[in-house]
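A.B. asks: Place chain B on chain A using the hints.
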Amino acid sequence: MPFRTRIRSIIRTRKSAGRSIAAENRALVEHIDRRRLLRGVVSLGTLTMLTGCDVSENDFVQQGLRAVSSWNDGAQATIFRPNHLAPMFDVSQVVKPPRFNAYYDIEDVKPVDGATWKLQLNGLIDDKRPWTQAMLDQLPQQELIIRHICVEGWDYIGQWSGVNLRGFFRRIGADLKAKYVNFICADNYTESLDMATALHPQTILATKYANETITDPFGYPLRLRTSTKLGYKNAKWIMAIEVTNQFTETFWSKQGFNWYAGI
Amino acid sequence: MHWINALAIFIMIGSGWKIYNDDVLFGWLHFPDSVVIGKWAQYGLQWHFFGMWIFVVNGLCYLTYGVATGRFWQKLLPVWPSEVLATVGDALRFRLSHDDLTHYNAVQKALYLGIMLVGVLIVITGLSLWKPVQFSELADLFGSFQTIRLIHFLCMAAIVAFLLVHISLALLVPKSLAAMVAGGPVVGGNPSDADAASEIEATP
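So the protein lines, in turn, are chains A and B. Those letters in the first sequence? Residues 1 to 263, per the numbering used here, in order. Those letters in the second sequence? Residues 1 to 204, per the numbering used here, in order.
Excised from the complex, chain A in its bound form:
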């Protein structure tokens, strides 16, 4: 096959290294020197130790890595399938209680008073009247038995129910062509979703876990559950929702975690 032999590497020397290598190293290969092997392994170890000094924090490197992370946001949005449903599980697989995780310890959870709590609505929404718990309970309820995946690597099956976010947005006249949905939480946590994810059929404002009202420390009275994002995108103790075209960095994205965080 002529095309095969004409391909020539641009980095290959024209003059061949030849077979002399085999001859010259025969003795070496045939008599493996333990001391030499040991030295090689130690050098390899030293090489890997070099990573101990972390270059990630260097401004220039961090800028580059964040640029790639933003590019990855776009790549993830491209492969996102708006109507593809995440696998659902059997009620017998549900873990009770759910697993707690936040940017602070469980003892520092500050409960929200459900009796006085009202969900505030801001931004590109026609009807911005606040919602109480009782009002949300009146709306059609949806249940999801889905896998929660944490960026750390653990996962569990949870059973969440509440109000479908797309349905809720239609009801309050949110601009469904806007780009972002921001969540402002009682614990100064902030998160945001791209609109495509907010409108996914498995994105809900959850008020119940395993058919019981959500308890603390899991985000009472209102939290987000979406089947297509990592755990940290699911804001807890939601106080306000804002629909906007303006991108704002979130609690974790400011610290270098990927913003899109799709699964």
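Worth flagging that the hints you see were computed from the coordinates, not collected in a lab. Model, not experiment: these values are computed from the prediction. Worth double-checking, as some hints may not be accurate.
[Stated by the list, open to error] Here are the simulated DSS-like cross-link-like pairs (lysine-lysine), alpha carbons at most 25 angstroms apart as the crow flies: (1) K39/B / K254/A; (2) K131/B / K254/A; (3) K254/A / K110/A.
C.D. replies: Frame of chain A; chain B shown alone:
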């Protein structure tokens, strides 16, 4: 391609160990901070999701090149279990032939083919971990999320084991490194014929 791959694998393993440390699969195994890439979890993740593009794009180029030029068939196939056993036997009796560096023995063939398959598997399980919902059809092939993590981890372990042997042997024969940088020996034919200097790239 080899050295780009080496860099990508270095990034992927170091950052992968950092990510692993956040939620270990084995209680007895924690990678020391001195050998991981990224001081904080987010840095490890940033490196991993940067390195993956280099690894995958370079790997696809390599596989395409190997298939299109017929290199894989010429160099790596066929490989028979009986040959592999025979080569192992020869090696144990120090009777391995090294007359022709351009010719891989059966053990080399099996290992290079095997590590390529591991490379493919680590990408597939990686995609399943990164997008278990978007690529749920892929993730379903393996089972639960933790099972996929375990397979991904075992692939990494296989690559590390391969590298230990691969790099040790390369260091034992320093001239083979020189050949890898400058270009390896020519397969058959007249070495002065530049057009024939085509088949052998650096050892993968």
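A.B. asks: Determine for every hint whether it applies to the structure shown.
C.D. replies: For each hint, the structure was consulted:
| no. | hint | result |
| --- | --- | --- |
| 1 | K39/B / K254/A | holds (16 angstroms) |
| 2 | K131/B / K254/A | holds (23 angstroms) |
| 3 | K254/A / K110/A | holds (23 angstroms) |
In summary, the structure agrees with every hint in the numbered list given earlier.
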